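Below are the chains, spelled out letter by letter.
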Amino acid sequence: MSKQMMLEVTEVEPLTPLVTRFRFEHPEKAPLPIFSGGAHVVVEMPDGEMLRRNAYSLISDPNDASGYEIAVRREETGRGGSRYMHSEVTPGTRMRISVPTNLFALDPRARKHVLIAGGIGITPFLSHLRQLDLLQQPFELHYAARSRDEAAGLKLLPKSARIHVQISDEGNRMDLGEILTGQPIGTHVYVCGPEGLISAVLDVAARHGWPKGALHSEAFASPPPGKPFTVTLAKSGRTIEVSASQSLLEALEAAKVEIDWSCRGGACGRCETKVAACDGQIEHNDHWLSRDERAEQKKIMPCMSRFTGAALVLDL
Amino acid sequence: MPNTSFSPSIESRPTYAGLVPQGSAPSIMIADAEGAEAIMDLAERDAAVLDQAHLIYIPKGAKFGSKLAELGAKGYHEEASLDAAMTLINRLLGSAHMGTQLYLAGSEGMMGRVSALALSLGLPLDAIQMEHRGSIGRPMQCVHCKGVTQDVTTDPFTCSHCGLTLFVRDHFSRRLGVFQAVCVDAETPGVVPEIQEITA
Chain A
1 MSKQMMLEVT EVEPLTPLVT RFRFEHPEKA PLPIFSGGAH VVVEMPDGEM LRRNAYSLIS
61 DPNDASGYEI AVRREETGRG GSRYMHSEVT PGTRMRISVP TNLFALDPRA RKHVLIAGGI
121 GITPFLSHLR QLDLLQQPFE LHYAARSRDE AAGLKLLPKS ARIHVQISDE GNRMDLGEIL
181 TGQPIGTHVY VCGPEGLISA VLDVAARHGW PKGALHSEAF ASPPPGKPFT VTLAKSGRTI
241 EVSASQSLLE ALEAAKVEID WSCRGGACGR CETKVAACDG QIEHNDHWLS RDERAEQKKI
301 MPCMSRFTGA ALVLDL
Chain B
1 MPNTSFSPSI ESRPTYAGLV PQGSAPSIMI ADAEGAEAIM DLAERDAAVL DQAHLIYIPK
61 GAKFGSKLAE LGAKGYHEEA SLDAAMTLIN RLLGSAHMGT QLYLAGSEGM MGRVSALALS
121 LGLPLDAIQM EHRGSIGRPM QCVHCKGVTQ DVTTDPFTCS HCGLTLFVRD HFSRRLGVFQ
181 AVCVDAETPG VVPEIQEITA
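Taken in sequence, the protein lines are chains A and B.
Okay, so the first sequence: first residue is 1 according to the numbering used here, each after it adds one.
Okay, so the second sequence: first residue is 1 according to the numbering used here, each after it adds one.
Any given hint could turn out to be false.
As the list claims (entries may be wrong) - The following label-pair restraints were derived from C-beta to C-beta distances:
id	chain 1	residue 1	chain 2	residue 2	range
1	B	L125	A	R96	34 to 42 Å
2	A	P184	B	A48	34 to 42 Å
3	B	T15	A	T93	29 to 37 Å
4	B	Q150	A	P138	20 to 28 Å
To be verified - Counterexamples of contact, computed for chain B against chain A with all Cβ distances above 12 Å:
id	residue
5	E78
6	A118
7	Q196
Just so you know, these hints were derived from the structure itself, not from any lab.
Values in this document were obtained by computation on a predicted structure and should not be read as measured data.
The beta carbon of each residue, even a glycine, is placed where N, CA and C say it ideally should be.
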């Protein structure tokens, strides 16, 4: 778990009917740690009985220590974190925010950067753009959204011939084959958005002979809700109920079981937990474990993954 | 003679996985001396690799030139030395697009120098296929004068630039594409271990 700071919300601005921008500053206006493009923070939300911790990409200038800004899309079918941000948080609210962590940094060895965003996946690129401008490096940004209501980035993006926006409601679609053809040597690709977009980009890139090392992705992952299930802890013998809208990590935290974590989105690997026994099926929703590790069912990422079956015993 | 397998060493020491055909894709193939045989083996597994390939060969006295020329690569270029070939290699790599396949086969000196150039152009390491064939002579950089001595086959050896007696290390610089060599008798001038042939 990263170091945290108590910050104050200073601005709440609806960017579209679905997406709201929040700005956090230090209550005494102390400077915050600067970060790098693509970094995220984890925001703590004391939602009734439950303590939610959601990761959000920083959209503000990485070199601006005066505040952090995030953009949150309201997910009606989500587990409640984004609804909490939209309904409970107002200017003056104090919230506990982690220091920034970056799992989606620009590769400094690249000679050109191709950024591909889908929907709310535009957020990490907003800080990338500031960094690319500072570094004066060549880039192009391709931004696809279903509708203008979703396209929160439109308000925050500079006007540039290097930024291409496709709104599918208006009949414009992103042509990945064209984007990934004819890019000069040393180009790296970064994609953030829904799973479908990420796998499409990786597939098309592979078909066009792109090396894996030039491809970077960040899924916009929050733990999916699912059916309630029970886990047993091997060392203490305790059993813990995980509710439909809770992640396994949140249920463990609520039961005061300490587990290390960082991204809470199945990408960083910090919360990897050994499975002592498994009679059933682990629903692996992370991007950390390999295909073989998933099949073995000897490890689970509690931040994202769930379980269905008779019994799951964790080595805790 | 297959891809040379080097004995296990420190992580820095490059190992070469061998060339795997990537089908009919734009590609740049560079081979020196016995590296020609790796390209011929590659073409035998899938002749389509030559459809859009620029093949550059530096014979260094080996006699594979006419056989390579007959393979039918889109472009075949024979060069007298790696130095002479670098102008063309620079131009081909510099104007290449992502998706272009890079195949290197032959000596560590050639593969190190070309892969260092490719990395400096922003190509990730996993995009560079390499297969070692022929002499195990190494490109060694003297860490004292920074001069590079090519095709070093003994340990210790004499720096061709500053004349120091240097110890052959497995420490490899990907940025420079050369191994690092350090003075073997710095503490005890003149006391030099017996010269041995290096092994793979």
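Do the hints match the structure? See the list:
The hinted range of 34 to 42 Å is satisfied by B:L125 and A:R96, whose Cβ atoms lie roughly 40 Å apart. A beta carbon spacing of about 25 Å between A:P184 and B:A48 contradicts the range 34 to 42 Å that was offered as a hint. A hinted range of 29 to 37 Å is violated for the C-beta pair B:T15 and A:T93, which are about 56 Å apart. Distance hint for B:Q150 and A:P138: a CB-CB separation of about 35 Å, inconsistent with the stated range 20 to 28 Å.
Its beta-carbon lying about 24 Å from the closest one in chain A, B:E78 satisfies the requirement of being farther than 12 Å from that chain. At the 12 Å boundary, the C-beta of B:A118 falls inside the reach of chain A, the nearest C-beta of that chain being 8 Å off. Under the 12 Å C-beta cut-off, the non-interface status given to B:Q196 relative to chain A holds; the minimum distance is some 37 Å.
Of the numbered hints given earlier, the model fails hints 2, 3, 4 and 6; all others are met.
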